[in-house]
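A.B. asks: Residue numbers (this note's numbering), protein chains in the order written: chain R, 1 to 130; chain C, 1 to 119; chain L, 1 to 99.
No lab work stands behind these hints, which were simulated from the structure alone.
Accuracy of the hints is not assured; some may be wrong.
With a straight-line cut-off of 16 Å between C-alpha atoms, the simulated EDC-like cross-links for lysine to aspartate or glutamate are [to be verified]:
id	chain 1	residue 1	chain 2	residue 2
1	R	Lys2	C	Asp114
2	C	Lys3	C	Asp33
3	R	Lys2	R	Asp28
4	C	Lys60	C	Glu21
5	R	Lys2	R	Glu116
6	R	Lys2	R	Asp73
7	C	Lys3	R	Asp73
8	C	Lys3	R	Asp28
9	R	Lys2	R	Glu32
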Amino acid sequence: MKFAIALFSPPHAPSSRRALRFAQAALDEGHEIVRLFLYQEGVHSASSHVVSPQDELNLTQEWQTFVSDNQLDGVVCIAAALRRGVLDGDEARRYSRDGANLQEPWSLSGLGQLHEAVQVADRLVSFGGA
Amino acid sequence: MSKSVLIVSRQAPWAGPGAREALDIALAGGAFDLPLGLLFLDDGVFQLAPAQQPAALQQKDLAANLQALPMFGVGALYASARSLQERGLQEATLGLPVEVLDDASLTALFDRYDQVITL
Amino acid sequence: MATLHVLSHSPFSDSRLSSCLRLLGANDGVLLSGDAVYALQGGTAQHQALELMPSSIGLFALDEDISARNIEPPQRVQVVDYPGFVALTCRFAKVNSWL
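Just chain R, with the same shape it has in the complex (with noise of 0.2 Å):
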């Protein structure tokens, strides 16, 4: 099956890493994940600077091993992030704000990249709120 991920949930919110296990679980049954699509409060997994104790789980971190180690199309909603202030190199020049946020490899783009997600994937699965 080929799967199109929503995340609507920041990083410390029990659903950001439910989907995670989820995303990672699809995978090891041998799943395709099309995209993963971060929009509303899930644009912060995608933050560079959010800063875990050491004796917590680092989703951030763990988020971006997984994205990178499997070459997945993680995206992540441009309105959203410039609302919640997360920007990459390009919109940090663009607004003059002091420096990057968005972890490597995540990349802004529009709501279009998670439409085309739901009509190439045969399963949506979104994760948000608690």
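Given chain R, put chains C and L in place with the hints provided.
C.D. replies: Chains C and L only, in chain R's frame:
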């Protein structure tokens, strides 16, 4: 053939960006000519209440974006009869032409769509 | 086209479970995750509402959330792990997460 997507909007209009961000998903899909439906459920029906004054909260008018839906090709607009009734809203005074559905019709509605996003 | 509904909020402070129950199709499934597993707490109206769902509706719960909260899952509940969660999303035609 495109997959149809039902977007379920459950957030009240002035509770943060949720209502607007649900609407943005609908408008984006409409812009790509995708078969979409938008259902207002639970507190989401408050987005349809008449004569709201968002400027009092220094917020942008959501109603203008809602009116744009048909222009973006999103004409399949629905509201839950129960949600409206629970919240004292009358179908005749709603700010947007929506098809009001009872629970059984909503079950059938969910069934008709290929994918659903409830936010 | 049966739908798997995924819930993750506590049903005591939130209306998502009751809204979901009203919209369930005859062959739909309900997966409880996160605080939504509190709906399985014995002696509650929420648990009773779940028990009253027709037997054609599948009721599932995520294992880690049951364990973390020390909830005794009722007999009708099928407890699943993440591979089981993935399998459920394949089995049902679509997934509706009540975000």
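A.B. asks: Between the alpha carbons of R/Lys2 and C/Asp114, is the straight-line distance 16 Å or under?
C.D. replies: Holds. R/Lys2 to C/Asp114 sits at ~14 Å (cutoff 16 Å).
A.B. asks: Hey, C/Lys3 versus R/Asp73, does the alpha-carbon distance stay inside 16 Å?
C.D. replies: violated (21 Å)
A.B. asks: Decide if the proposed pair is consistent with the structure: C/Lys3 and C/Asp33, CA atoms, cutoff 16 Å inclusive.
C.D. replies: Measuring from Cα to Cα gives roughly 11 Å; hence the hint holds.
A.B. asks: Please verify whether C/Lys3 and R/Asp28 have alpha carbons no more than 16 Å apart.
C.D. replies: violated (27 Å)
A.B. asks: R/Lys2 and R/Glu116: Cα distance at most 16 Å?
C.D. replies: This hinted pair holds, its Cα atoms lying about 13 Å apart.
A.B. asks: Given the hinted pair R/Lys2 and R/Glu32, is their Cα-Cα distance within 16 Å?
C.D. replies: Holds, at roughly 5 Å.
A.B. asks: Regarding the pair R/Lys2 and R/Asp73, is the alpha-carbon distance no greater than 16 Å?
C.D. replies: The given pair, whose Cα atoms are some 13 Å apart, holds under the 16 Å limit.
A.B. asks: Assess, step by step, whether the Cα of R/Lys2 is no farther than 16 Å from the Cα of R/Asp28, and give holds or violated.
C.D. replies: holds (13 Å)
A.B. asks: Compare the distance between the alpha carbons of C/Lys60 and C/Glu21 with 16 Å, and conclude whether the hinted pair is satisfied.
C.D. replies: holds (13 Å)
Checked against the numbered hints given earlier, the structure breaks hints 7 and 8 and satisfies all the rest.
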